[in-house]
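*Asks:* Residue numbers (the working numbering): 1 to 221.
The hints are simulated quantities; they were obtained by calculation from the structure and are not laboratory data.
Mixed in with the good hints, there may be bad ones.
Said to hold, decoys possible - Straight-line C-alpha distance at most 20 angstroms; calculated EDC-like pairs for lysine to aspartate or glutamate:
(1) K33 x E200
(2) K180 x E26
(3) K180 x D34
(4) K180 x E29
(5) K31 x E200
(6) K180 x D5
(7) K180 x D77
What the hints assert, rightly or not - Using C-beta positions, here's what the derived DEER-type ranges look like:
(8) V188 x A84: 34 to 42 angstroms
(9) E200 x V131: 26 to 34 angstroms
(10) I139 x D35: 40 to 48 angstroms
(11) G203 x L53: 45 to 53 angstroms
(12) E26 x T201: 30 to 38 angstroms
(13) N30 x I52: 15 to 23 angstroms
(14) I212 x I21: 38 to 46 angstroms
(15) N30 x E200: 34 to 42 angstroms
(16) P22 x N199: 26 to 34 angstroms
(17) I139 x F175: 38 to 46 angstroms
(18) S187 x I60: 35 to 43 angstroms
(19) K31 x P64: 41 to 49 angstroms
(20) S169 x I139: 21 to 29 angstroms
The structure presented is a predicted model; accordingly, all values stated were derived computationally and were not measured.
Idealized CB from N, CA, C, for every residue including glycine.
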Amino acid sequence: FRLPDLIFQIVILGAISVAFIPVFTEHLENKGKDDAFEMARAILNVFLAIFILATILIYIFAQPIISNVIAPGFTPDKQMQVAALTRIILFGQVILVLGSFFIGILQSFQRFIIPSLAPVFYNLGIILGIVFLSKSYGIVGAAYGVVIGAALHAAVQLPLICSLGFRFSFPIRFFHPGVKEIMRLMSVRTLGLAAEQINETVGMALASVASIGSVTYLTFA
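Please construct the entire structure, taking both the sequences and the accompanying hints into account.
*Replies:* Here you go:
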C-alpha cells in the first residue's frame with residue numbers, strides 16, 4: 001500500500017478533504033445543480049487523469065522504487081513480490097478515486113449514511129479476497145481483494161449519486177473555473193500531506209533494514 005497510498009493521499013485526498021466539498025457546495029447554492037455537476041465532472045476528470053498518469057509511471061518503475069526507496073532492506077525475492085502486489089493495488093486505487101469523489105458529492109448534498117458505509121464495503125472486499133482467493137493465489141488474493149473492495153466502494157454509492165442527477169457526459173471539460181479554485185485551495189494542504197507521506201515512507205524504509213518483521217511491527221504500532 002505504501003506507494004499507492006502515497007500518490008492517493010497527495011493527489012486526491014488533499015483536493016477532497018480541503019477544497020472539493022466547499023467549492024462544490026458554493027457552486028450548488030449559487031449557480032445551481034447543473035453547474036455544480038459540471039464542475040464536479042471537470043474536477044474528477046482532471047484528477048483522474050493526473051492519478052492515472054502517476055499510476056502508469058509507478059507501474060513501470062515499481063521495482064526500482066521498491067528496491068531503493070520503499071523497502072531497501074528486503075531480499076530481492078520479497079522486493080519483487082512487493083512490486084507485484086503494488087501493481088495490482090494500483091488498479092484498485094484508480095477505482096477508489098471515483099468512490100472518493102462520490103463521497104464528496106454526496107456529503108455536499110447532506111447525504112452521510114451511504115458515504116459512511118462505502119469504506120465498510122472497501123474493507124469487506126479485502127476480506128473477501130483473503131477468505132476466498134488466498135487459497136488459490138496466496139497473498140496476491142488479498143491484493144485482488146483491494147480491487148474488489150474499491151469497486152464495491154464506488155458501486156454502493158452509484159445508485160444514490162445517480163438519483164441526485166449526476167451523470168458522466170462528453171465532451172469532457174477540463175478547464176472549468178472551479179478546477180483552478182480547487183488547485184489553489186489544496187496547494188498548502190498537499191504540501192502537508194506530502195511531508196506526512198514522506199515521513200511514513202522513510203520510517204518504513206528504515207524498518208525494512210532493521211530486522212525480519214519490523215515493517216509489520218511498525219504498521220501495527
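*Asks:* Output the numbers, in ascending order, of every earlier hint that fails for this structure.
*Replies:* Failing hints, ascending: 1, 5, 6, 7, 11, 13, 18 and 20.
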